[in-house]
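Participant: If you want the building blocks of each chain, they are given just below.
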Amino acid sequence: MVKRKMGLILAVVVFTAVLLGSSVISPAAEKKVYIVASDISWPPFEWKDEAGNYVGFDLDVMREIAKLQGYEIEIVDIAFDSIIPGVVAGKYDIAASGFTITAKREEVIDFSGPYYSSDQAVLIRKDSGLNIGTVFSEGHKLGAQTGTTGADWIKTNLVEKGVKVELKLYETYPLAVLDLINKNIDAVIQDEPASRASAAKEKKRIEITGIIVTGEEFGFLVKDGDPYGLLPKINEGMLKLRASGEWDKLIAKYFGG
Amino acid sequence: MVTLELTFLLLVVGLAVGILLALGQVYGGKGLVLLSSTYEQIFRSIPALVLLFLFFFGSSFVGLNISAFLSAVLALGFRSSAYQSQIFRGAIQSISQGQMIAARSLGMSKFQAIRHIILPQALRLSLPPWSNEYSSVVKDTSLAYAVGVIELVREGRYIIVRTFEPMIIYITIAVIYFILTYAGNRSLGYLEEKLKIPGFETKSRKE
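Chains as they are written, first to last, in my numbering: chain A, 23 to 279; chain B, 8 to 214.
Note that these hints are calculated values from the structure, not bench results. Please note that a few of the clues may not be correct.
Take a look, some chain A residues computed to stay more than 10 Å from chain B by CB distance [what the hints assert, rightly or not]:
| # | residue |
| --- | --- |
| 1 | 125 |
| 2 | 131 |
| 3 | 157 |
| 4 | 160 |
| 5 | 194 |
| 6 | 200 |
| 7 | 238 |
| 8 | 246 |
| 9 | 249 |
| 10 | 250 |
Per label pair, the in silico range of CB-to-CB distance [said to hold, decoys possible]:
| # | chain 1 | residue 1 | chain 2 | residue 2 | range |
| --- | --- | --- | --- | --- | --- |
| 11 | A | 181 | B | 48 | 36 to 46 Å |
| 12 | A | 129 | B | 179 | 39 to 49 Å |
| 13 | B | 40 | A | 239 | 27 to 37 Å |
| 14 | A | 226 | B | 179 | 47 to 57 Å |
| 15 | A | 92 | B | 193 | 48 to 58 Å |
| 16 | A | 135 | B | 170 | 27 to 37 Å |
Here's a subset of chain B near chain A, in silico, CB distances under 10 Å, partners left out [claimed, not checked]:
| # | residue |
| --- | --- |
| 17 | 60 |
| 18 | 66 |
| 19 | 169 |
Yeah, the Cβ is synthetic: ideal placement off N, Cα and C, and Gly gets one too.
Let the sequences and hints guide you as you build the complete structure.
Facilitator: Laid out in structure tokens, this is it:
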């Protein structure tokens, strides 16, 4: 009886150790593999397909560059808000998640050269009777994803200028879109490609009423000071992709339709 | 799957540390009581999400590179241990001191008395509140996605992003959590029934 109990306890301990062990050793053991962080919920830049693969423009570019430049990457999914803190803390080596290059972000991390330029799109419900001219007036509720340039734009151009709109922040932009469809907010401000993707999916109910030309550029980012010398490799890789025509193929694949 | 793995590890960590804490609080000397009480207070006072961030990002600042999964196990496991320690402390204290005195007078050491007399009873008494703790731990695992652990809720979000069908997905997730909690509680209830000490209730009412 006692023996059997000891056996059970031993089994639990071993099982626990194995579960813990596998999680400790795998990421830290080899540094030849760079960890790429991305918030995998932002089509067409990154999402998970039916087969369970991480796909999207950012991720394909990262994979192609790694192949060309001779290093290996492992893509991990993490909430958008946590990516920059994770890069700063050294948890991830590269971030590829549709990051707009801003001076504020540049203070804590380093950006690659720009790889995509985008504006902000304003999504509204088709039956709302609003348009780009009326949606930003007093009393309206505007939604955006936390930590994005869309949220920033509402803050600096409306809230801080004294326009009495209500800014509602969401964990991910599909939740903001859902809240728009549910009539809890009046508009969602989000990068244009992502907005186009959701407007296409929900074309009966929502539409893009206008574009706010911000001319912002997306960049990949690494830890401040680029400790592994990754930025030159990434920038060079992007040039090679453009030269070989591979870049245009990816653009067509993800933004063509 | 990750949700199950995480739940299991949290309970094991919580159980092991929780019992030690409870023993420390009840039988420890001044230092040990202070130490275990402080630990318990700290981990019960900090929101789970904040603990997760502290463990995950904080570990790097002190030079440790622990994975998202491990920091979730540690942060949520330690938190659970603080709650569990109170379950065990209450159970231990509900066993009359006379038993300890009797055991000691029979020549048992304090450790023997705890091991053979107090804990077998206390752990049985802990089962009902412990199954309560199980229910909350199962659901706490959903917070781990914030540091990048791909658990049930995060998996659900992948599908939502692709299909724009949040209601169906969230209802499915709710049903899965319900099944996990219900099955766990039923098993613990069965265990409780199996391990019941006949007549214990009347005995414990008054010595």
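Participant: Work down the list of hints and note, for each, if the structure agrees.
Facilitator: Hint check:
1. 125: Its Cβ never comes within 10 Å of chain B, the nearest being 23 Å, so this holds.
2. 131: Since the minimum Cβ distance to chain B is about 14 Å, residue 131 (chain A) lies beyond 10 Å and the statement holds.
3. 157: 22 Å, holds
4. 160: Holds, since 30 Å exceeds 10 Å.
5. 194: 7 Å, violated
6. 200: 5 Å, violated
7. 238: Correct as stated: the minimum Cβ-Cβ distance to chain B is 22 Å, above 10 Å.
8. 246: Holds, since 13 Å exceeds 10 Å.
9. 249: 13 Å, holds
10. 250: Check passes; 14 Å lies beyond 10 Å.
11. A:181 x B:48: 36 to 46 Å: Hint holds: Cβ distance 39 Å, inside 36 to 46 Å.
12. A:129 x B:179: 39 to 49 Å: 42 Å, holds
13. B:40 x A:239: 27 to 37 Å: 59 Å, violated
14. A:226 x B:179: 47 to 57 Å: 24 Å, violated
15. A:92 x B:193: 48 to 58 Å: 55 Å, holds
16. A:135 x B:170: 27 to 37 Å: 35 Å, holds
17. 60: 8 Å, holds
18. 66: 8 Å, holds
19. 169: 6 Å, holds
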